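A.B. asks: Residue numbers (the working numbering), protein chains in the order written: chain G, 1 to 313; chain L, 1001 to 1502.
Bear in mind the hints are in silico, worked out from the structure with no lab data behind them. This structure is a prediction, so every number in the text was calculated from the model and none was measured. A virtual CB, placed ideally from N, CA and C, is assigned to each residue, including glycine. There could be a bad hint or two in this list.
[Unchecked claim] What the simulated footprint calls covered on chain G by chain L, stretch by stretch (three residues with Cβ under 8 Å from a Cβ of chain L suffice, anywhere in the stretch; the number is not a length):
no. : segment
1   : 5-12
2   : 46-56
3   : 79-87
4   : 139-153
5   : 175-185
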Amino acid sequence: MTRFLFRRLAILIPTLIFVSMIIFGLQQLLPGDPAIAMAGEERDPQAIAELRAKYNLDKPIWVQYGLWIGGILQGDFGESIRIQLPVSQLLLEKLPVTIELAVLSMLVALLIGLPAGVISALYNGRWPDYLANVIGLWGLSTPNFWLGIMMILLFSVHLGWLPASGYVSPTEDLWANLQAMIMPAFVLGTGIAAVFMRHTRSAMLQVLASDYIRTARAKGLYERVVIGKHAFRNAAVPVITLGALEFGQLLSGAVLTEQIFSIPGFGKLIVDAVFNRDYAVVQGVVLCTATAYVLLNLLADIAYFLVNPRLRT
Amino acid sequence: MIRTSALAALSAVVLLGSGAASAQTLRFGLAEDPDALDPTLARTFVGRVVFSALCDKLVDISPDLKVVPQLATEWKWSDDNKSLILKLRPNVTFHDGEKFDAEAVKYNIERHKTMQGSQRRGELSAVTSVEVVDPLTVKLNTAAPFAPLLATLTDRAGMMISPKAGKALGEKFATAPVCAGPFKFVERVAQDRIVLEKYDGYWNKDNVHFQRIEFRPFVDATVRLANLRSGQLDFIERLAATDAKAVQNDSKLKFASITEIGYYGITINIGKSDKAKTSALGSNPKIREAFELSLDRNGINKVVFDGLATPGNQWVAPTNPAYAKSVPIPKRDVAKAKQLLKEAGNPNPVVNLVTPTTTDASKIAQVVQAMAKDAGFDVRIQATEFATSLNMADKGDFEAYILAWSGRPDPDGNLYSFHACKQPLNYSGLCNPALDEILNDSRLTTDMAQRQAAWEKAAKIINAERPIIYLLHRKWLYAHSAKLTGFKEYPDGLIRFVGMKM
Chain G
1 MTRFLFRRLA ILIPTLIFVS MIIFGLQQLL PGDPAIAMAG EERDPQAIAE
51 LRAKYNLDKP IWVQYGLWIG GILQGDFGES IRIQLPVSQL LLEKLPVTIE
101 LAVLSMLVAL LIGLPAGVIS ALYNGRWPDY LANVIGLWGL STPNFWLGIM
151 MILLFSVHLG WLPASGYVSP TEDLWANLQA MIMPAFVLGT GIAAVFMRHT
201 RSAMLQVLAS DYIRTARAKG LYERVVIGKH AFRNAAVPVI TLGALEFGQL
251 LSGAVLTEQI FSIPGFGKLI VDAVFNRDYA VVQGVVLCTA TAYVLLNLLA
301 DIAYFLVNPR LRT
Chain L
1001 MIRTSALAAL SAVVLLGSGA ASAQTLRFGL AEDPDALDPT LARTFVGRVV
1051 FSALCDKLVD ISPDLKVVPQ LATEWKWSDD NKSLILKLRP NVTFHDGEKF
1101 DAEAVKYNIE RHKTMQGSQR RGELSAVTSV EVVDPLTVKL NTAAPFAPLL
1151 ATLTDRAGMM ISPKAGKALG EKFATAPVCA GPFKFVERVA QDRIVLEKYD
1201 GYWNKDNVHF QRIEFRPFVD ATVRLANLRS GQLDFIERLA ATDAKAVQND
1251 SKLKFASITE IGYYGITINI GKSDKAKTSA LGSNPKIREA FELSLDRNGI
1301 NKVVFDGLAT PGNQWVAPTN PAYAKSVPIP KRDVAKAKQL LKEAGNPNPV
1351 VNLVTPTTTD ASKIAQVVQA MAKDAGFDVR IQATEFATSL NMADKGDFEA
1401 YILAWSGRPD PDGNLYSFHA CKQPLNYSGL CNPALDEILN DSRLTTDMAQ
1451 RQAAWEKAAK IINAERPIIY LLHRKWLYAH SAKLTGFKEY PDGLIRFVGM
1501 KM
């Protein structure tokens, strides 16, 4: 187990190096000169030249890459050309917000998706199954930005129950924070809930058809013990893997939802950075997200181990 | 007895409470997150909105574009017009308590001119030196007379930061800006909010009625309006034209608008690169004329801006005193356009129109495409992301380009950098020595009548060459809570917070 962990953590380093090279290279492929994009409306040539020099944009690409990696190893992720703030500060400001949104969305997705999937499996072929499928498909197909705007119009403008936007830190005011996050979490969660529902349903169906379930029932166990303790725990295994992937996706920033609800998270940060050719910010965010993804996958594998005794040797 | 006194006590508490409530927060919705809050480095319009609360300038403009006092109370040009002498307002302090005086002005102008990455260098390039005459009098010297200088000082180039803070923070000034405006900086969370607080030492503090201003960026116009309607915001800028009616019909909101000092136009590559020789529009002025005649500016206005814009054919709106009356807006004339194309020997020219992917530009492009088709033009829309399109324009890698300009108070600001030879914003590549001479002459005198005469001549040349086909001047559209009073519209689109109250 520890050897497995060690090996996986060791792979993290070359993965990140590879990711860093890809994101660095891809950005250079983007048409558009960051110095011109950053220059004021007047496009003063001297200002452009100075911006180029200040951010090393006139140096060859491998030098720029080397400078950037060198900075990262010392904890300096560079500076946002646009707002003149260190990227590390931006990352630290936005990461908790995105994590909170991801966690809440995950909760919504699990609370809706898992029971729906179990019910679907138990009532396979009957109306609860079809209803759950329809709801799931709706959640998956509805565009996030449309659902978001509709919810704002209903709950904020017409009913006035929830704030239309904004983020308050949970340490400042937990209640206000939850009020602000509930709509975006719902919008994001419903999309993922459908995926969970479908996977849980098929996993449960598979498990329910197996021998040990028949044995458990034959032993006379209560149905809820059969479903809850035996069936669901085994069906949960593929769902855990899925959950890790979906969580990683949520961490990379729900761009549209964050724009609609004005949540200052990663999504907004990276989109603005791409349009403004703010290379350092894009690279910092991608590196952060890639690390999170790899670590989450590792966690999923560990959870897999813990849940399935057969894998423990 | 007891009940009456309890009632009295209660009403006293209520009255006290409501009195305290008049010291309030204005929540302002911006269309995007500002860039660095440093007047020397700043480059966005939204940044200027925040600056109008944070940083006072030497002079300001009035709603009819006249220069009015702010930190400077009087000014005059020397006899040879090569020096601008400004008398400064006494007893003004910066947010950190430092005195505002002529030394501070000298520091600021020099900072604008010398700091690495300064965006103000071009604007102040005419200023050769700054002299401190006495603590409240400062003299800006130029090598040759430069009429637009005063107007330049009504924007960021005239904004004054505290020298103490400037020296202490250097290029990190934007992290904690210290200026002399009605509100001082409290905090900024990138892409979330900028919070300012009333500065009790402001020279005009009696007319400042808000205790705090919170600026929050909302990129999507629908979301911005939804937040206003739900009560999260009190004021929004750049309302979408299609939402204007909804705001006007809402009794809890007020609608406001004013014509901008900028414009929307189609820049044509007539000499910036080789594309000028190979493209239909770039190579033949007759084809450019035909293109202009095929367009119905009123139609574009109606379809794209709901009639809320002002059609125009020059770099200033027809209502502007600097508009050349001898070059009126041509009416749509498809027959003449077709005839011109026949004369040019190209009845169905192809036009590749680079269009930024903003909503307005895309819509304008589509309307233009449809209208020009009637005359025989085959307009192909090249939807391009904005930063990419700027790059293309810079290299001359385009035939026609839909581009807007936010405008400057002095007409020279809409003119010189675009049409004088090899200037930074001259994307068309126009290089006409006669025009250059006229434009240079218009800068040398402060006599408005003479400058106006020069602009009339310039208008004729520009109209003949058509490096830019000017289409229209948008309106700045605002929406705010009906409880808010004292808001006055200014053509530069900025909000002056002094005098506003809720």
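A.B. asks: Now tell me if each hint is right for this structure.
C.D. replies: Checked hints:
{"no.": "1", "hint": "5-12", "in the structure": "violated (count 0)"}
{"no.": "2", "hint": "46-56", "in the structure": "holds (count 5)"}
{"no.": "3", "hint": "79-87", "in the structure": "holds (count 5)"}
{"no.": "4", "hint": "139-153", "in the structure": "holds (count 3)"}
{"no.": "5", "hint": "175-185", "in the structure": "violated (count 0)"}
In the structure shown, a violation is registered for the earlier hints numbered 1, 5, in ascending order.
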